[in-house]
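If you read the protein sequences in the order shown, they are chains X and R. Letter by letter, the first sequence follows residues 44 to 408 of our numbering. Letter by letter, the second sequence follows residues 30 to 437 of our numbering.
It is worth saying that the hints were derived from the structure and are not from the lab. Some hints could be false.
Residues on chain R that point at chain X, a partial pick, calculated with CB under 7 Å [to be verified]: (1) 69; (2) 120; (3) 126; (4) 136; (5) 202; (6) 212; (7) 215; (8) 218; (9) 220; (10) 221; (11) 225; (12) 418.
Ranges between beta-carbon positions, derived for each pair [said to hold, decoys possible]: (13) X/82 to R/61: 20 to 26 Å; (14) X/360 to R/419: 51 to 57 Å; (15) R/58 to X/82: 29 to 35 Å; (16) R/329 to X/86: 39 to 45 Å; (17) X/180 to R/164: 32 to 38 Å; (18) R/147 to X/369: 34 to 40 Å.
Calculated cross-link-like contacts (lysine to aspartate or glutamate; reagent style DMTMM-like; alpha-carbon spacing at most 25 Å) [claimed, not checked]: (19) X/95 to R/146; (20) R/435 to R/121; (21) R/212 to X/266; (22) R/216 to X/91; (23) R/61 to X/205; (24) X/95 to R/223; (25) R/402 to R/382; (26) X/95 to R/124; (27) X/95 to R/374; (28) X/95 to R/382; (29) R/282 to R/330; (30) R/284 to R/403; (31) X/95 to R/149.
For glycine and all other residues, C-beta sits at the position ideal for the given N, C-alpha and C.
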Amino acid sequence: MMSANRWMATGNYFTTYRQEQRIFATHTDRLIFALFLVVLFSWPYFIELSTKHMLVVDNILIAVIAVYGLNLVTGFAGQISVGHAAFMGVGAYTVAAVAGVIGDQHVLITHAWPLMILLSGFTGAAMGLIVGLPALRLRHLYLLMATLSFQLIFQWVIGSMELFNQGQFMYVGRVHWFSGEVGRSQHYMFWYYALLVTVVVSGLGVRNILRTRYGRSLVAVRDNDRAADAMGMHPGLTKVFAFGLAGFFAGIAGALQAYLNRGAGFETFTLHESIQYLAMTIVGGLGQVTGCLFGPAAIRILDLQVESLAQWAGGILPSSLDLATGLRPLSFGLVIVLFLIFEPRGIANWWRIIRSYVKLWPFRY
Amino acid sequence: MKTKKISIWLVVAAAALMLAAPGSAMAGEVYKTALSLAITGPTSDAGNPYSKGVEDYFRYVNDMNLLGDDTVDCTIRDDKYETAITKRNFEEFLDMGIVFYLNYSTGSTLALKRDFEEVEMPTLPASYHAGNIEGSDYIFLPIASYSAQNIGLAEYVVDHHEGGTPKVAMYVHPSAFGREPVKDVEKAIEAGLDIEIVETVEHGQDLDVTGMLQRWRSKGVQYVISQTVQSPVATMLKGANILGLVAQSFGEKGKITFLGAHYTGGNDLVALAGDAAENFYWTTSFITTSESSAGADAQLDLAERYGRDEKTANSHNYAAGILVAEITTEVIKRAKAKGKEITRENLYKELLDMNGMNAFYSQTAVGPVTYSKDDQQGVDTLQLYVVQDGEFRAEGKPFISEYPEKIK
């Protein structure tokens, strides 16, 4: 039986699974989400951000899309992947390789860019399905080694093949919109909106996947794959499916990265980056869609702060010791370890606590 | 009473403003430039002294009033050898209104090439990759390209080798930085350079390469030309030393003579390889402080003036940093002398005019810096050095490699 007032959280009792699976439990939730979207779409009209910081915001949004994928495979399906940057690389190099073959000013690259981004997503998904195959037989550390191998193979292939310019930067032309070519002055703002739309659509997509039987299978396999098997699910195919989904989102993110950077270079898709995405997923909150938003923002902002600290330290510490170089990996390692010890549910849990408090206010429980 | 007090303060404030106004008018212009490079992270062993060279020279320019009342404000940012950070830094520099830009790595220079073209930003990178200037009007290499350096070494081998075609192995970095010069050496061979490349090896991160050296010995390799950074070369030299393969004189029969381009040599190589670095041949366009010269004295004086340690003071990367700062200062000086406004466009024009009688002679380079529409490599002259008793000693006169022109 439903509450008489759909605006209030109190008295909202679900009588069907369908009701429980609703994305927005109350109209208030829906309204807040709508207002949040209005803020996200309108703030650039009121607040002027420097190009540098606009680029940072764009990169956070790209990471959000990538972390959607990684969270599906790691947080929801319980598999481990340390090759996520390589999946992104597959997406980026799909655009870059096509641009290399047909020309980076070809109409397919400059005008049909949404199609190219989608194509990159499917290429990433195909690669995800292939890399996910070992998940049929492997678990834990062994699966980690398989994904690590993919990361290394990717770097080797890109660095060796002429098709990928042997790892040298491959250019992607400027895109066109209804108003014509998106020039330098509008570049980062244009991609902010393109990325924001992708983040919202992907987020709703992920949330909807999790409502389906396929989504629930991911969680069931993560919690106990034998029990899931006994319930009629196919744990192996579910894991492969998770890798395919992760590859799809990574491919989309990679293609967007290529368009934003106006090209692809393999330095953007190294093992170090893969570990960063893993850190974003853990810090944001494993198995939480909202965690996909918090993790990238937190890590990218931390990155900026550590950069300033390392530069300052590099200026005063003896150069022969090169101690400042270690500050960045040290800070990342520390953040991950601290989160795993003190807040394994990530920043998303803080958000959950705040929401619970606000939802019940002025009552305590 | 209160009104009177306020009036007195207003008069005092107005007088203070009037006194301050002429002073501020005489303070001169501030020309903004910027450098993004790896102060930490990979290649920071080169980036760190390079940044200090740039920083110190601009401090010297400002302290000594080399631009009159005007000063250069060079913002230096660490990019950790990551192209994404370099791009972010560059966007920030553009917002700051820079008129000249100094970049660092091959990867980021290639990645930002189109940005430099779009915003018409004259740029001097620390990467001497020939591909940087292909299809670019605004990137200028400070010295001869890696290709020219490697071809120069090959030419030296041909000129000093006795008996038949010299057999050469190339030992290169697994990237564009390492690979592209090999292609140009091959083109030079097609154009008539008489060497045989027996094998090209892209190194990994091996700590022992004696197997590779044994293979080269069995293939009759007489010379190894390296196009990479110091540490893999040091590993190779140590291995060759253990095997007793290092030629004690150039081209010694039955042994291998090791040679390398700019980033393979310098004091860091001697520190890493120790005695194994003896008789290693190295080419660059910079002077070294182990050879007495006015440039070496100037470099050491600058380092001492700003309290740099001995390692930095003697680094050829410190010299490289000084060179790009010198070129930047020179174009500003020339534009000022012509009464031009200091803009990207005018500094670019000054760079293009830097040739013939207008060539620029730097303290830290072995030849003149020349640029024009058709010449985007600054110092074409190279000097060969050889390690003797742990120090780099000049071998012969400075030279310009011939084949780069023939294979254009």
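Cross-check of the supplied hints:
1. Hint status for residue 69 of chain R relative to chain X: holds, with the closest Cβ pair at about 4 Å, below 7 Å.
2. Because the smallest distance between the Cβ of residue 120 of chain R and any Cβ of chain X comes to about 4 Å, under 7 Å, the interface hint for this residue holds.
3. About 12 Å separates the beta-carbon of residue 126 of chain R from the nearest beta-carbon of chain X, more than 7 Å, and the hint is not met.
4. Annotation: interface hint on residue 136 of chain R holds; nearest CB of chain X at approximately 6 Å, less than 7 Å.
5. The restraint placing residue 202 of chain R at the interface with chain X is violated, with a minimum CB-CB distance near 11 Å, outside the 7 Å limit.
6. This hint is violated: residue 212 of chain R has a C-beta 11 Å from the nearest C-beta of chain X, more than the 7 Å allowed.
7. Interface restraint check for residue 215 of chain R: the shortest CB-CB distance to chain X comes to about 15 Å, outside 7 Å, so the restraint is violated.
8. Checking residue 218 of chain R against chain X by beta carbon gives a least distance of about 21 Å; that is not within 7 Å, so the hint is violated.
9. Checking residue 220 of chain R against chain X: minimum C-beta separation of about 23 Å lies over 7 Å; hint violated.
10. A cut of 7 Å between beta carbons decides the hint on residue 221 of chain R: the least distance to chain X is about 27 Å, and the hint is violated.
11. For residue 225 of chain R, the suggested interface contact is broken, since its CB lies about 24 Å from the closest CB of chain X, more than 7 Å.
12. This hint is violated: residue 418 of chain R has a C-beta 23 Å from the nearest C-beta of chain X, more than the 7 Å allowed.
13. Between residue 82 of chain X and residue 61 of chain R the Cβ separation comes to about 35 Å, which falls outside the hinted range of 20 to 26 Å.
14. Between residue 360 of chain X and residue 419 of chain R the Cβ separation comes to about 27 Å, which falls outside the hinted range of 51 to 57 Å.
15. Checked against the hint of 29 to 35 Å, the C-beta distance between residue 58 of chain R and residue 82 of chain X comes to roughly 42 Å, which is inconsistent with it.
16. Our hint of 39 to 45 Å for residue 329 of chain R and residue 86 of chain X is violated, since their Cβ atoms are close to 54 Å apart.
17. Look at residue 180 of chain X against residue 164 of chain R: about 49 Å separates their beta carbons, and that is not inside 32 to 38 Å.
18. Range check, residue 147 of chain R to residue 369 of chain X: Cβ separation about 37 Å, and the 34 to 40 Å hint holds.
19. Taken as a hint, the residue 95 of chain X and residue 146 of chain R pair is honoured in the structure, with Cα atoms around 19 Å apart against an allowance of 25 Å.
20. Restraint check for residue 435 of chain R and residue 121 of chain R: not satisfied, since their Cα atoms lie roughly 41 Å apart, outside the 25 Å limit.
21. This hinted pair does not check out: residue 212 of chain R and residue 266 of chain X have alpha carbons roughly 55 Å apart, beyond 25 Å.
22. Between residue 216 of chain R and residue 91 of chain X the alpha-carbon distance is near 52 Å, which puts this suggested pair outside the 25 Å criterion.
23. Our distance criterion of 25 Å between C-alpha atoms is broken by residue 61 of chain R and residue 205 of chain X, whose separation comes to about 40 Å.
24. Proposed proximity of residue 95 of chain X and residue 223 of chain R is contradicted: the alpha carbons are some 51 Å apart, above 25 Å.
25. With a C-alpha separation of about 9 Å, the suggested pairing of residue 402 of chain R with residue 382 of chain R holds against the 25 Å cut-off.
26. For the suggested pair residue 95 of chain X and residue 124 of chain R, the alpha carbons sit about 8 Å apart, so the restraint of at most 25 Å is met.
27. Distance check on the hinted pair: residue 95 of chain X and residue 374 of chain R sit about 23 Å apart at the alpha-carbon level, within 25 Å; holds.
28. For the given pair, residue 95 of chain X sits about 33 Å from residue 382 of chain R by alpha-carbon distance, which is inconsistent with the 25 Å threshold.
29. At most 25 Å may separate the alpha-carbon atoms for a hinted pair to count; residue 282 of chain R and residue 330 of chain R exceed this at roughly 43 Å.
30. The suggested pairing of residue 284 of chain R with residue 403 of chain R is violated, with an alpha-carbon distance near 41 Å, which exceeds 25 Å.
31. For the suggested pair residue 95 of chain X and residue 149 of chain R, the alpha carbons sit about 19 Å apart, so the restraint of at most 25 Å is met.
The structure fails hints 3, 5, 6, 7, 8, 9, 10, 11, 12, 13, 14, 15, 16, 17, 20, 21, 22, 23, 24, 28, 29 and 30 (numbered hints given earlier, in ascending order).
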